[in-house]
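Asks: Residues per chain, in single letters:
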Amino acid sequence: MAGPISLDVDDTGLMTISRDMQLSLSLDEMKALKKYYHALGRSATGIELETFAQTWSEHCCHKTFRGEVEFEGKIVSNLLKTTIAKVTSTLDHEWCFSVFEDNAGIVDFDGDTAIAFKVETHNHPSALEPFGGAATGVGGVIRDILGVWGEPIANTDVLCFGPLDYPYEKLPAGMKHPSFIYKYVTAGIGHYGNNMGIPTVNGAIYFDESYVGNPLVYCGTVGLVKKSRYKREIRTGDVMILAGGKTGRDGIHGVTFASVDLSTEQERSVVQIGDPIEEEKVSRAVISIRDKGLGSAITDLGGGGLSSAIGEMAELGGCGADVHLERVPLKHPGMQPWEIWTSESQERMLVCCHKKDVEAILGVFADEEVEAVVVAEFTEGERLRLMHTDTVVGEINISFLFGTNIRTRRVATPPERSFSEPRVRSMDPAADLLAILAMPNVASKENVIRTYDHEVKAQTVLKPLQGLDGPGDAAVLKPLNSSWKGVVISNGMNPEYGKIDPYHMAACAIDEAIRNNIAVGGRRIALLDNFCWGNPERPDRMWGLVRASQACHDVALAFETPFISGKDSLYNETELGPITPTLLISALGVMPDIRRAVSMDLKEEGNSIFIVGATKDELGGSHFYKLKGSLGKNVPMVDAASAKTSFDMLTKAIDSGCVRSCHDLSEGGLAVAASETCFAGGLGLELDLDKMPRKGELSTEKLLFSESQSRFLVGTDDSAAFEKAMADTVFSEIGCVTDDKRLRITRKAAEVLNIEIEVLKRSWKNGL
Amino acid sequence: MKWEVRISYKKGVQDSEGESTLSGLKTLGFNNVDNVSAAKVYLIEGNLTHGDVEEMCRRLLANPVSQDYSISEVK
Amino acid sequence: MKWEVRISYKKGVQDSEGESTLSGLKTLGFNNVDNVSAAKVYLIEGNLTHGDVEEMCRRLLANPVSQDYSISEVK
Amino acid sequence: MAYKVCIIRAPGTNCDRETAMCVESQGLEAEVVHVKRLMEGEIRFSDYDGLIIPGGFSFGDHVRAGALLGKILKERFGDELAQFSSDGKPILGICNGFQVLVECGLLPGNTAQSALTTNLSSRFECRWVDLSVETSRCIFTDGLSGSIRLPVAHGEGRFLVTAGELKELTNTGQVVFKYAQKNGGSAGGSYPENPNGSIDDIAGICNKEGNVFGLMPHPERAFYRFLHPRWTKSDESESFGDGYKIFNNMAEYIMR
Ligand SMILES: Nc1ncnc2c1ncn2[C@@H]1O[C@H](COP(=O)(O)OP(=O)(O)O)[C@@H](O)[C@H]1O
Ligand SMILES: [Mg+2]
Chain A
14 MAGPISLDVD DTGLMTISRD MQLSLSLDEM KALKKYYHAL GRSATGIELE
64 TFAQTWSEHC CHKTFRGEVE FEGKIVSNLL KTTIAKVTST LDHEWCFSVF
114 EDNAGIVDFD GDTAIAFKVE THNHPSALEP FGGAATGVGG VIRDILGVWG
164 EPIANTDVLC FGPLDYPYEK LPAGMKHPSF IYKYVTAGIG HYGNNMGIPT
214 VNGAIYFDES YVGNPLVYCG TVGLVKKSRY KREIRTGDVM ILAGGKTGRD
264 GIHGVTFASV DLSTEQERSV VQIGDPIEEE KVSRAVISIR DKGLGSAITD
314 LGGGGLSSAI GEMAELGGCG ADVHLERVPL KHPGMQPWEI WTSESQERML
364 VCCHKKDVEA ILGVFADEEV EAVVVAEFTE GERLRLMHTD TVVGEINISF
414 LFGTNIRTRR VATPPERSFS EPRVRSMDPA ADLLAILAMP NVASKENVIR
464 TYDHEVKAQT VLKPLQGLDG PGDAAVLKPL NSSWKGVVIS NGMNPEYGKI
514 DPYHMAACAI DEAIRNNIAV GGRRIALLDN FCWGNPERPD RMWGLVRASQ
564 ACHDVALAFE TPFISGKDSL YNETELGPIT PTLLISALGV MPDIRRAVSM
614 DLKEEGNSIF IVGATKDELG GSHFYKLKGS LGKNVPMVDA ASAKTSFDML
664 TKAIDSGCVR SCHDLSEGGL AVAASETCFA GGLGLELDLD KMPRKGELST
714 EKLLFSESQS RFLVGTDDSA AFEKAMADTV FSEIGCVTDD KRLRITRKAA
764 EVLNIEIEVL KRSWKNGL
Chain B
15 MKWEVRISYK KGVQDSEGES TLSGLKTLGF NNVDNVSAAK VYLIEGNLTH
65 GDVEEMCRRL LANPVSQDYS ISEVK
Chain C
15 MKWEVRISYK KGVQDSEGES TLSGLKTLGF NNVDNVSAAK VYLIEGNLTH
65 GDVEEMCRRL LANPVSQDYS ISEVK
Chain D
3 MAYKVCIIRA PGTNCDRETA MCVESQGLEA EVVHVKRLME GEIRFSDYDG
53 LIIPGGFSFG DHVRAGALLG KILKERFGDE LAQFSSDGKP ILGICNGFQV
103 LVECGLLPGN TAQSALTTNL SSRFECRWVD LSVETSRCIF TDGLSGSIRL
153 PVAHGEGRFL VTAGELKELT NTGQVVFKYA QKNGGSAGGS YPENPNGSID
203 DIAGICNKEG NVFGLMPHPE RAFYRFLHPR WTKSDESESF GDGYKIFNNM
253 AEYIMR
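Chains as they are written, first to last, in my numbering: chain A, 14 to 781; chain B, 15 to 89; chain C, 15 to 89; chain D, 3 to 258.
These are computed hints drawn from the structure, not numbers from a lab. Just so you know, these numbers come straight off a predicted model, no measurement behind them. Beta carbons: idealized from backbone N, C-alpha and C, even for Gly. Take these hints with a grain of salt, some might be off.
Selected chain B positions facing chain D (in silico; Cβ < 10 Å) [to be verified]: (1) Glu31; (2) Glu33; (3) Thr35; (4) Ser37; (5) Gly38; (6) Thr41; (7) Leu42; (8) Gly43; (9) Asn46; (10) Ala52; (11) Ser84.
Listed below are the simulated SDA-like cross-link pairs for lysine to any residue, each with C-alpha atoms no more than 20 Å apart in a straight line [said to hold, decoys possible]: (12) A/Lys196 <-> B/Glu33; (13) C/Lys40 <-> B/Asp29; (14) B/Lys25 <-> B/Val88; (15) B/Lys24 <-> C/Val55; (16) A/Lys657 <-> A/Arg536; (17) B/Lys89 <-> C/Val79; (18) A/Lys196 <-> C/Lys24; (19) C/Lys24 <-> B/Glu18; (20) B/Lys25 <-> C/Glu18; (21) A/Lys44 <-> A/Val22; (22) B/Lys54 <-> C/Glu87; (23) A/Lys458 <-> A/Leu447; (24) C/Lys40 <-> D/Ser147; (25) B/Lys54 <-> D/Arg39; (26) C/Lys25 <-> D/Gly166; (27) B/Lys40 <-> A/Glu381; (28) A/Lys183 <-> C/Phe44; (29) B/Lys40 <-> C/Val55; (30) A/Lys196 <-> B/Ala76; (31) A/Lys458 <-> D/Arg125; (32) A/Lys239 <-> D/Arg19; (33) C/Lys24 <-> B/Leu57; (34) B/Lys16 <-> C/Phe44; (35) C/Lys40 <-> A/Pro180; (36) C/Lys54 <-> B/Glu33; (37) A/Lys344 <-> B/Lys24; (38) C/Lys54 <-> D/Arg125; (39) D/Lys184 <-> A/Pro180; (40) C/Lys25 <-> B/Leu57.
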């Protein structure tokens with residue numbers, strides 16, 4: 014890496030440099046650099062090229078989402094702006110405090126306080142070192158919240174693994190078995206969150222063969238922001254303080270690595286274990302600096318390390334920066350300047366401040382026993398100057414670094430596939446229900462959930478397990494001592510539907526995230542999108558990405574729920590193929606009074622049970638079909654306009670106090686949802702399928718197992734009040750709560766199934 | 015047969031347990047300690063070959079990316 | 015000097031870690047494993063006598079109610 | 003002048019804020035103090051009227067849960083703490099704080115020794131448990147009887163003592179809480195009622211005098227009823243939860 018690198022070479026030469034230095038830069042990008050250095054009349058230095066590689070990486074600048082796509086004979090330009098962010102700008106809600114800009118999306122909470130939310134993925138590191146990869150995933154997203162001056166109050170995690178019984182013989186050499194990944198990923202998440210004292214309040218675990226060797230680890234954090242302390246006001250002469258863990262050779266090339274197909278050769282230094290205690294100290298210091306009003310801006314060190322963080326801060330301030338790399342406290346002596354500059358060591362933050370506040374800030378870090386040094390100073394102009402003991406090792410023009418926009422052009426074409434509806438019947442609905450309850454995606458996740466502390470901070474009002482041990486739809490937190498206001502967190506994800514159509518998968522994920530939130534009493538909902546996809550340079554993968562983004566636009570707009578932040582992780586492919594397209598939607602709602610929060614467990618004998626929403630012939634991608642070995646064709650579709658009306662009405666019903674229990678219908682349809690409310694409440698149910706609102710003629714198994722969207726199962730002790738609140742929406746009373754601890758379902762006066770809750774529950778609890 | 019498996023973090027991977035034990039010992043006045051590293055040991059008994067134990071390490075006990083493991087027979 | 019300290023569960027105290035590793039190995043199909051026990055090892059370097067290390071064990075590294083320790087020099 | 007309670011923290015302590023809030027709601031002043039400040043001599047235990055060691059993972063729980071903080075307290079502040087305790091001032095250790103009290107020898111007290119080791123399930127357990135309130139001399143549980151419900155969240159909560167000392171603890175009324183069945187009956191070591199495999203289902207103990215109390219469950223997470231997992235079933239969201247009384251007793255004892 015020593016010595017100048019001349020870019021005065023031909024195209025082949027440029028690409029050789031890109032490859033040899035593992036820059037992952039395209040020919041167009043290399044040519045732009047060639048031109049830049051030609052104008053300067055000099056060669057590049059290694060550290061400069063590393064900086065361009067980091068800043069222009071897929072991870073940092075979202076090339077695919079901001080590029081151009083040929084789609085259905087047209088050019089779609091900047092998907093992010095024209096679909097996801099467009100919802101937000103169209104809706105233009107005044108309660109959106111900061112969107113798509115900072116490290117996390119921020120929405121108002123109670124006027125003085127705002128809530129920040131961010132979800133990240135840490136897939137590739139978790140494939141290699143599941144414990145450390147997942148742990149640092151949690152650590153990283155917590156820093157995103159600290160990076161908006163937020164105080165972390167809750168974590169969420171959504172995990173996708175290969176089947177735990179995947180045959181070892183089929184596993185390619187060097188690839189870790191799903192059960193190994195599962196064991197250590199869940200351990201890593203618990204370790205980091207528990208040690209930091211942040212409750213893990215919500216999540217999901219999903220299994221699919223396409224995740225073998227390429228697990229998905231989504232980590233999210235919610236935090237509290239004091240609006241008056243949210244500062245991003247950099248000016249020339251301010252300095253940057255690097256604080257936290259020492260800088261080592263860890264994770265060098267992590268960012269550029271994210272844009273390369275995963276293969277076993279690339280193991281080298283991406284592996285980190287993480288130290289939650291270090292981050293706990295950093296977190297306390299950051300919050301104390303915030304409360305003292307000392308900093309002028311802040312950001313975390315994540316992908317790209319100092320090279321991303323310092324550059325971004327300088328760009329934000331519209332100034333240049335002088336960086337003194339020799340001041341950075343090192344783990345390994347003898348690190349090269351470029352290694353220091355691009356290291357992705359964990360547990361580090363960058364705090365900017367006016368010179369007069371340096372002493373006070375260093376004092377706060379010292380109080381928490383956190384190492385902190387002034388590493389850089391903002392300068393007039395737009396020169397980013399990198400120095401190492403008085404030697405200038407690199408100099409880059411900041412507007413060129415951030416302003417150069419080489420748009421990637423991708424092509425989207427639909428894969429050739431055809432789908433058909435299977436002819437399957439349920440000869441024994443009880444047996445089918447037992448089998449579906451035991452399917453890993455439906456089965457109880459209690460064994461994992463209980464290894465996460467979900468109550469530390471004593472703010473978790475509705476927990477991940479509700480009633481006795483039922484799967485809650487959303488978590489509710491009461492973050493302020495002095496107020497009854499609640500924060501509501503939920504998610505939606507349905508990779509199975511994406512196998513039929515990514516558009517409807519995305520629509521359903523949005524509906525699910527929102528309806529989970531509504532079910533407990535949440536409202537004024539904001540969304541986060543997190544795409545995990547295969548290689549976008551393949552037209553079929555790209556096509557799905559466009560379709561899913563379009564659904565995000567259409568459906569979120571109809572629900573009037575803005576996106577406030579998000580992320581994409583592309584290139585999730587191994588020698589076994591791409592992962593199935595996966596979109597996680599996370600929803601952040603609020604509720605004025607947590608005393609009105611509704612949990613999903615049945616409350617008392619005699620409550621009437623209503624179903625809200627129509628059931629349709631929509632079993633494509635359902636668990637029932639999966640059980641029978643097929644995928645099907647009729648994927649659930651969202652009728653957002655009517656769903657919105659019924660969601661709004663349900664919120665009214667909840668506020669009126671007549672709703673005793675509420676659970677959304679999702680995987681496994683009515684039969685599974687009904688079973689879960691029984692498990693949680695320790696009570697039984699009697700339901701009549703004839704009374705279900707439906708579209709068209711539906712067979713018994715379809716009524717039981719259809720996964721039509723926008724539906725809820727509501728228990729009430731005041732039917733009249735509930736009916737009044739729901740007015741003209743589609744709903745009807747279908748049964749009541751019993752105390753005989755059986756699930757009894759009838760149709761045309763005949764018993765469809767009649768089974769002991771304990772029997773069902775055993776199946777559900779032993780599925781994983 | 016009885017096997018001993020020892021698992022430690024690879025060089026370059028942070029050993030927070032070792033580090034905090036070191037600083038703990040220093041706090042308690044053991045000023046002559048220069049370095050502490052921590053490892054985990056499993057004693058595994060059964061009718062097992064070295065190859066079996068090797069496979070256990072690869073499949074469950076250790077992650078070769080971040081950890082070193084060594085196997086020895088205990089007589 | 016370099017010392018190895020090994021901390022294990024006291025006889026009579028159930029070694030839950032060893033047991034769960036055993037059952038994990040069995041789940042993976044290693045049916046010939048009969049027993050697993052777990053221990054922790056510290057490698058301690060410094061200008062230290064056996065007595066110093068002994069004292070470290072008594073004062074910090076081992077809890078006499080639940081743990082046994084053994085010390086050996088590493089050459 | 004207000005009565006002051008010292009809440010000690012070390013790196014990794016993470017339940018100090020909510021614990022302080024419970025203390026303050028009782029009209030006491032709570033001061034969260036980094037153990038470093040004690041070591042540097044900035045403050046002394048004798049400045050306070052009560053002491054709490056809250057939950058978390060002090061020093062990462064490396065070596066053993068609570069060991070390092072426990073040994074620091076024992077070796078650096080043994081005499082001061084002995085004095086504090088023999089002055090009759092209350093000391094409460096919650097979860098990690100219990101582990102610390104055991105490691106530093108303030109519990110069970112005298113020369114007896116005990117340990118809190120890895121859960122029998124060998125994993126972290128976050129769940130609500132039923133506890134039977136044993137007749138004891140503990141000043142923190144005055145007025146409590148029958149059974150209560152509190153959450154636990156720990157990986158190393160298996161309480162161990164020798165058989166002889168167990169008898170002694172029982173006879174002297176030092177056993178305060180035991181894990182129990184829902185109906186109040188003995189858990190008899192069964193999982194998950196006894197979530198960690200503690201000997202004799204012991205969840206909390208006090209010293210002979212009753213002013214030093216350590217427990218694995220978290221009373222601060224059950225201070226209000228709306229933190230109870232089944233609060234939505236009955237309409238009591240505004241009342242206090244089962245953990246309230248412990249802080250209330252502490253305050254009344256201090257202010258008596
Ligand atoms: N796919 C996406 N959907 C919505 N917002 C996105 C997406 N990708 C990035 N963003 C937004 O762009 C901003 C920068 O994101 P990112 O590069 O992930 O930041 P960081 O490096 O801090 O994680 C964030 O505010 C994020 O919300
Ligand atoms: Mg960031």
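Asks: Confirm or reject each hint.
Replies: To see whether the hints hold, each was checked on the structure:
1. Glu31: holds, 5 Å
2. Glu33: Holds, because the Cβ-Cβ distance from B/Glu33 to chain D comes to roughly 8 Å (cut-off 10 Å).
3. Thr35: It holds, given that the least Cβ distance between B/Thr35 and chain D is near 6 Å, below 10 Å.
4. Ser37: holds, 8 Å
5. Gly38: holds, 4 Å
6. Thr41: Given a least distance of 6 Å, the restraint on B/Thr41 holds.
7. Leu42: Since the shortest Cβ distance to chain D is 6 Å, the answer is holds.
8. Gly43: Hint on B/Gly43: holds, closest Cβ of chain D at ~8 Å, below 10 Å.
9. Asn46: Because about 17 Å separates B/Asn46 from the closest Cβ in chain D, which is outside the 10 Å limit, the hint is violated.
10. Ala52: Holds: closest Cβ of chain D sits about 8 Å from B/Ala52, inside 10 Å.
11. Ser84: violated, 23 Å
12. A/Lys196 <-> B/Glu33: Given pair A/Lys196, B/Glu33 is violated - Cα atoms ~25 Å apart, limit 20 Å.
13. C/Lys40 <-> B/Asp29: violated, 29 Å
14. B/Lys25 <-> B/Val88: Between B/Lys25 and B/Val88 the Cα gap is close to 26 Å, so the pair fails against 20 Å, i.e. violated.
15. B/Lys24 <-> C/Val55: holds, 15 Å
16. A/Lys657 <-> A/Arg536: Within the cut-off at roughly 11 Å; holds.
17. B/Lys89 <-> C/Val79: Roughly 28 Å separates the two Cα atoms, so the pair is violated.
18. A/Lys196 <-> C/Lys24: Not OK: A/Lys196 and C/Lys24 at ~28 Å, beyond 20 Å, violated.
19. C/Lys24 <-> B/Glu18: OK: C/Lys24 and B/Glu18 at ~18 Å, within 20 Å.
20. B/Lys25 <-> C/Glu18: holds, 18 Å
21. A/Lys44 <-> A/Val22: This hinted pair holds, its Cα atoms lying about 10 Å apart.
22. B/Lys54 <-> C/Glu87: Distance of about 18 Å is within 20 Å: holds.
23. A/Lys458 <-> A/Leu447: holds, 16 Å
24. C/Lys40 <-> D/Ser147: violated, 45 Å
25. B/Lys54 <-> D/Arg39: Violated - the C-alpha atoms of D/Arg39 and B/Lys54 are around 34 Å apart, more than 20 Å.
26. C/Lys25 <-> D/Gly166: holds, 17 Å
27. B/Lys40 <-> A/Glu381: holds, 19 Å
28. A/Lys183 <-> C/Phe44: Between A/Lys183 and C/Phe44 the Cα gap is close to 19 Å, so the pair holds against 20 Å.
29. B/Lys40 <-> C/Val55: OK: B/Lys40 and C/Val55 at ~18 Å, within 20 Å.
30. A/Lys196 <-> B/Ala76: holds, 12 Å
31. A/Lys458 <-> D/Arg125: Given pair A/Lys458, D/Arg125 holds - Cα atoms ~15 Å apart, limit 20 Å.
32. A/Lys239 <-> D/Arg19: At roughly 18 Å apart (the allowed maximum being 20 Å), D/Arg19 and A/Lys239 satisfy the hint.
33. C/Lys24 <-> B/Leu57: holds, 15 Å
34. B/Lys16 <-> C/Phe44: holds, 15 Å
35. C/Lys40 <-> A/Pro180: holds, 16 Å
36. C/Lys54 <-> B/Glu33: holds, 15 Å
37. A/Lys344 <-> B/Lys24: With Cα atoms ~15 Å apart, A/Lys344 and B/Lys24 stay inside 20 Å; holds.
38. C/Lys54 <-> D/Arg125: holds, 17 Å
39. D/Lys184 <-> A/Pro180: Status violated; Cα separation ~42 Å.
40. C/Lys25 <-> B/Leu57: holds, 15 Å
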